[in-house]
Amino acid sequence: MQLEVKTDESFRVPYRFSNSPEALARFPFPFPDDSYMYSVNLEPHVRTGSGVFANAFDIDEHYVGECADRARALAEQPGVHYVSLPHMMQAQWDVLELIMESYAGDFPQVFELRKQGAQWNWVNRLLGIDDRFTFGDPASLPMEPFEYISRQAQGDWVLLEERDQTLYIGAGMTTERADYSIRFDLGMSWHEFHGPVPLAHELGVFDKALKFMLRLRTNHPVRRLNWTTTVFPRLETSAETLPDWGPNRTMVTPDNAGETVHLRVELQPLHRLPRSNAIVFPIRTYLAPLGELVTNPAWGRRLYRVMSSLHQELVDYKGMTRYHAAMVQYLSRFADASS
Amino acid sequence: MLITGIKSRPVYDRLTPFPEALLHLVVGQGSGGTAMSRLIAEIAPGADIEVMYSTESFTGQNHLAALKDAAPGRFDWFASNAALSQALHDRLSQAFMGTRLYLAGSESFIGLAMKVARQFDLNADEVLREHCGSLVRRVWCVHCDTYSENITQRVFSCSGCGKPLVVRDHYSRLMGAFMGVQGDAEVPGELPEASELDT
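These protein sequences, in sequence, are chains A and B.
Following numbering that gives the first Met the number 0 from start to finish, the first sequence increments by one per residue and tops out at 338.
Following numbering that gives the first Met the number 0 from start to finish, the second sequence increments by one per residue and tops out at 198.
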């Protein structure tokens, strides 16, 4: 893939965000059916096509803007977006290695990794980084290895450790989280941190997904998509800053929903890590305003059907209660589009 | 016994003796005193038992006298939960293999004591927790990082930043607290209906 990266995007007021036709064409549209309910939608993460499934960890034209937004969030609220328990250091090195090797292998024009034993040289041309460090020696990096690499990696990253037949959150870099607190969720088990999700527990989704996850083997990653919506292209929608972005939910009308409401799709390519036996849970977020998505008539029609039939508990859980009706009214204009 | 639909909230136990224990460390607060006395009576005579009790209580339940009588060995009491957690920390740092911990009291107290126990890697096979007394909650404000104690209402004013917080049914064991988020973040002044936290 030819990587044309934008350099002037803003995910805060004043927003400067849009998808190029190429980015929209590869948008991971998450609805295979006209209705949506939780399911164990895990599949092997095999390289597929030339879109977002072509790489171990996808990056796209929003890479530079997202890294800048992450740096800003971390500077504005230290300790709020990045956390790691003391015993996660081995998993931290594991994930640094996995991201560096994946990026360098998949995007050799912009990332380079040279190794001489434990002496590593990491080059990131998109962010102008050329660093040498000793793999395994935290003192050779300016910060913890997980923070170091996830500041240069698109999307959120959560590290899960396995104990007592379940998975616990041991660390996270989450400047793009959808209305939760990583400080609060730190140390929670699989069923605990999924606790607030409605309906899915009763459907057995989390029991089945956990069984699947515990069987995850190194070099055999799996992936799934998840989705929600956000008003305006704001990535940092943490529980902590709800007062900053909550009022946006009152601003949606049927006439502006095409520009204000953004579908927010999370690509989650889960990998078992080789030394620590931890699992890395990336949440790579793709944003697109509804107005961009409906330019594809099949997507417009499907969005109308999915959103208009969405279970009320999911409407509430995803924070759409206040603008769901306006969004559906907007989408109804595309209900009968022929493909 | 407290059982709710809150998936992240611990399911508490009923205190019964660990038969393999070399030392029974019986620790509690306020209303937990009844469960502690009951447990002590069930432990085989001659076993090594130590009791720690805090008289701090939201509802005013005090079982100090009864516990003093029931405790066959070392007995320490404290005027506050904070003082008891410090003493528990000191005691566990001297503890040997075979120590088993029993906790009884409010959820807030159990959460605090478990934070101490976790520092010593006491796991589920070594600790029992019995919830006693009222259903008040300890709530962490996600906005200002302050803990408010003994919360009984779904909507309340944060003791740190004063924001009107809604208590989410989501519990963090590491914090020993529920989460509070601003209730009128979308439209100032527009809050969910006031209601009592009855679980």
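Honestly, I wouldn't trust all of these hints.
Said to hold, decoys possible - Chain B regions said to be covered by chain A (calculated; three or more residues, Cβ under 8 angstroms): (1) 26–33; (2) 43–52; (3) 178–188.
Stated by the list, open to error - Examples of chain A residues lying across from chain B (beta carbon under 8 angstroms, computed): (4) Ser38; (5) Gln115; (6) Gly186; (7) Leu198; (8) Ala199; (9) Ala208; (10) Leu209; (11) Thr252; (12) Pro253; (13) Asp254.
These are calculated hints, taken from the structure and not from any lab test.
These numbers come from a predicted model, not from an experiment.
Built from N, CA and C at the ideal position, the CB exists for glycine as well.
Hint validation: threonine 252 of chain A versus chain B, beta carbon distance must be below 8 angstroms. Holds or violated? violated, 15 angstroms
Answer holds if the nearest beta-carbon of chain B is closer than 8 angstroms to that of glutamine 115 of chain A; otherwise answer violated. violated, 39 angstroms
Under a C-beta cut-off of less than 8 angstroms, do 3 or more residues of the stretch 43–52 of chain B approach chain A closely enough to confirm the stated coverage? It is violated, with 0 qualifying residues against the three required.
Hint check, leucine 209 of chain A versus chain B [nearest Cβ-Cβ separation less than 8 angstroms]: violated, 13 angstroms
Residue hint alanine 208 of chain A, partner chain B, criterion CB-CB below 8 angstroms: violated, 14 angstroms
Confirm or reject the coverage of the stretch 178–188 of chain B by chain A under the rule of 3 or more residues with a beta carbon closer than 8 angstroms to the chain's beta carbons. holds (count 6)
Taking 8 angstroms as the C-beta cutoff, is the stated coverage of the stretch 26–33 of chain B by chain A satisfied by three or more residues? Answer violated; 0 residues pass the 8 angstroms Cβ test.
Should the hint that proline 253 of chain A touches chain B count as held when the rule is a Cβ pair under 8 angstroms? violated, 19 angstroms
Hint check: 8 angstroms Cβ-Cβ cutoff, aspartate 254 of chain A to chain B: violated, 20 angstroms
Regarding the hint that leucine 198 of chain A lies at the interface with chain B, is the smallest CB-CB distance below 8 angstroms? Interface hint status for leucine 198 of chain A: violated (12 angstroms vs cutoff 8 angstroms).
Supplied contact hint for glycine 186 of chain A, tested at 8 angstroms Cβ to chain B: holds, 4 angstroms
With a cut-off of 8 angstroms on the beta carbons, see whether serine 38 of chain A makes it to chain B. It is violated, given that the least Cβ distance between serine 38 of chain A and chain B is near 19 angstroms, above 8 angstroms.
Checked against the numbered hints listed earlier, the structure breaks hints 1, 2, 4, 5, 7, 8, 9, 10, 11, 12, 13; every other hint is satisfied.
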